[in-house]
Amino acid sequence: MNPLAAYLVVAALVFAIGLAISLTRRNAILVLIGIELMLNAANLNLIAFWRFSPHTAGHGDGLTGMMFAIFSIAVAAAEAAVGLGLIIAYHRHTKTTDLDAMTRMKG
Amino acid sequence: MIACSASLFANWLAQSPAAEFPPDMIAEGATSFIVRMLWLIPAIPMVTAGLIALLKQPRRKTAATLAIGGLVLSLLLSIMAFSHVLNSWGHGAATREVVNFNWFDLGTTHLQLGWILDPLAAVMLVMVTFVGLLIFIYSTGYMAHDENFTRFFCFLSLFAGGMLGVLIANSLLLLFMCWEIVGLTSYLLIGFWYQKPSAAAAAKKAFLTTRVGDIFFLLGIVWLFAQTGTLLFYNHGFGAMEPTALATLLAQPAALGLSAATVIGLLIFAGAAGKSGQLPLHVWLPDAMEGPTPVSALIHAATMVAAGVYLVARVYPLMSAGAAPGGSTVSLAVIAWIGALTALFGALVAVAQNDIKRILAYSTISQLGYMMVGLAVGGVAVGMFHLITHAFFKALLFLGAGSVIHGCHEEQDIRRMGHLRKAMPVTFLTYSVGMLALSGFPIFFSGFWSKDAIIGAAHSWPISQGPFFLLIIGALLTAFYMTRQVAYVFFGGWRGSHHTHPHESPTVMTLPLSILAVFAVGLGVLGTPAWPWFTSFIESKFLIVDMQAFSEPGLLPLMGFAILLVFVGIGLGWYLYARKPIEVPVGAPVHDHAQEHGDEPEDTPCDLKDVLESPAPVVWKWLANRLYFDELYAATVLRWYAALAWVSDWMDRRVWGGIVAGVSNSFRGLGLANKSIDSQWIDGTFDKGCEELVTGGGALAWLQAGRTPGYLRTLTMGVLVLAGLALIVGAATGQVRL
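Heads up: the sequence lines are chains A and B, in that order. Under this note's numbering, read the first sequence as residues 11 to 117, first letter to last. Under this note's numbering, read the second sequence as residues -5 to 732, first letter to last.
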């Protein structure tokens, strides 16, 4: 197993765990944590592919992959802030964070 | 110091009029302030008419105040305009000042309107506003008990506005527009008591009869515009009444060897004849007496009917275009003959009438004939002088008649009056003044001088002596019928109902009578041969006192002859009607008119026979029936019209109506077919579509459950399916190695 494959396996596991959390939990904060896990699995993939890409192997002359990951993390931070803000605001009104109870937008 | 400033002040006083109105020797002066403001004179009464129209009926005082106040303003402006013209006359020649403006352009054709101030307009403005004001004041008394008082003053104001517009118009088109306003108000006021069928019919008759003349008038206007390209009277050399345009018109042959100038002149005269009650369009004027008496005085005696005479005076350059010095033209000859015939006809018929207002109406027709003859044979000033004096004494007579009618409780038949000189002294005195003025009683009364000028001019007319003879017979008859009327009304014994007690009218009615009486006497001073102030003013000539004028050959004998005629007429009337008091014949039923207020005096027979009726019953019958003019028209023009109307009606119902019905039925069939297609096909399709949409929407709504985890699951399933698809496709194409 080459190093890249090992990284990818780890990332796939993290993604799967995140997806599982998102699908199974009813607490909105936990779902948000699951989404964060999936996002970071993707970041891990980006870094791994950058580090072991044939063009940059051993040299690291380009910063493309690195920059991509940093941007992704920054966007994820913003997204987490918005998501948490929404959940807190919702909680203030209804005293619940249960996703199954959030059916007001039903068509 | 004081002396110095005093002399400066005197200098300034001496110079200021000259500085204000620089002497203007040319015919058309620069426009001054009063001329630019001239439009206000007709505008103010029109605006007050509009304001009164907005008032509610019970606001009587407000309405009368508005109307009278508006007319007072117009009178003041008119006096200012008059003194302006007078001033310019004092500085040399009386000016003619015009203000013209573009109304609209049609391509390269410019239609211009404008107003004018010259001696003719100035004199008429003062006369109309002054007589109008007196009649307005009189009306507040006469109409005091009428429930439509406010409406009456609205119409009166509108009439005054229209009439003043006619007077100041410098454009034939503007004149025509105001002319029609005047015609409309005449219609409205004749039919003021429209509940009476006779009044409604008289209003219609007046409107339609004058319309006949107006059609010709309009034709003349259009023709004039086509020939000269302008409808302005005076426009600094380019107006239709100025030499350039007149030369064009004279050079243009029309038909029967007449020039366009002649034909247009005759067409315009047809309009004037309709308005001024000349033969054969006079039939409406006697019926117009159905209106309230102030209306008869203001519109159908003093001002409106004079509008036709004024129109002829206004277009006089056109009428007299091409005349040799001392000669005449075809248009003027026609006017003279028609005027003379009208003068005699009116006087003849007036002899045999029994309605106090109808006598005056025929007298008006007759006097308008005199004015027309005066214009045609003697020039503008002769005709206009009689117009002005006539306006005063005829308004006086009509208002006096109104006072009599008012005092006798709406009685109009002179056979049921009598002995009123005791009951109504003021009315009697003023009425006598009016009667003497109309008869042409010598020296002291205005009517003598103005009528004498016309008869004198007719005598020296070069074309024919016919009009002269018609006029002198008319003059004799005028004195006769007026004496007859006064004898019937004011002398003899009371022949009315025993329940009626005639009384004098209130001061608000007798005061205008007195003022008018003063003018009926005094105005004669302005037109004597020795001091022809009026003629000089109208013709803008130098005025001198010339006692030698009386010694002109033929003047004094003619004047003596006229005086003799008047005395014969009055004497004959006195001998026949007042020598023995007219009494109710023994055994005749005393008519009780007070009980049937508002019904027609003509409908109830009166057994009182006229003195002239027994010796010549046939002639009397003809005259009493107005020479059967109405019957003649009923038998000819009206019957033909009725037939035409019947044919038109039949065509309308059967032919045109059938076509219209066919078209509309076919469209209805088309509509029915359309409706079935619509409801069965188009609607059905649409309904089906809507049902499908509802079903589909229901299915989709199930997906929108609103549960976030559900969405998330769906999303995951989708991603998994896509990923699986990517794997399978990738494996199949060899891009992915599993």
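For the record, the hints were derived by calculation from the structure and aren't laboratory data. Accuracy of the hints is not assured; some may be wrong.
Among chain B residues calculated to face chain A with C-beta under 10 Å, some are [claimed, not checked]:
#: 1; residue: A699
#: 2; residue: G700
#: 3; residue: R701
#: 4; residue: P703
#: 5; residue: L706
Some chain B residues well away from chain A (every beta-carbon gap over 12 Å; in silico) [what the hints assert, rightly or not]:
#: 6; residue: A195
#: 7; residue: F232
#: 8; residue: E685
#: 9; residue: Y705
#: 10; residue: R707
Note that the Cβ used here is the ideal one computed from N, Cα and C, for glycine as well.
Comparing the hints with the structure gives:
Given hint, A699 (chain B) at the interface with chain A, holds; its Cβ is 6 Å from that chain's nearest Cβ, closer than 10 Å. Annotation: interface hint on G700 (chain B) holds; nearest CB of chain A at approximately 3 Å, less than 10 Å. Checking R701 (chain B) against chain A by beta carbon gives a least distance of about 6 Å; that is within 10 Å, so the hint holds. Annotation: interface hint on P703 (chain B) holds; nearest CB of chain A at approximately 5 Å, less than 10 Å.
Taken as an interface hint, L706 (chain B) checks out: its beta carbon lies about 6 Å from the nearest beta carbon of chain A, inside 10 Å. With a cut of 12 Å on Cβ distances, A195 (chain B) stays outside the contact zone with chain A, its closest approach being about 79 Å. The Cβ of F232 (chain B) lies farther than 12 Å from every Cβ of chain A, with a closest approach of about 83 Å, so its non-interface assignment holds. Listed as outside the interface, E685 (chain B) is consistent with that label: its C-beta sits roughly 20 Å from the nearest C-beta of chain A, beyond the 12 Å cut-off.
Chain A draws Y705 (chain B) into its interface by the beta-carbon criterion, the shortest separation being 10 Å against a cut-off of 12 Å. Remark: the non-interface label on R707 (chain B) conflicts with the geometry, its nearest Cβ contact in chain A lying 6 Å away (cut-off 12 Å).
Violation of the numbered hints given earlier is confined to hints 9 and 10; the remaining hints are satisfied by the structure.
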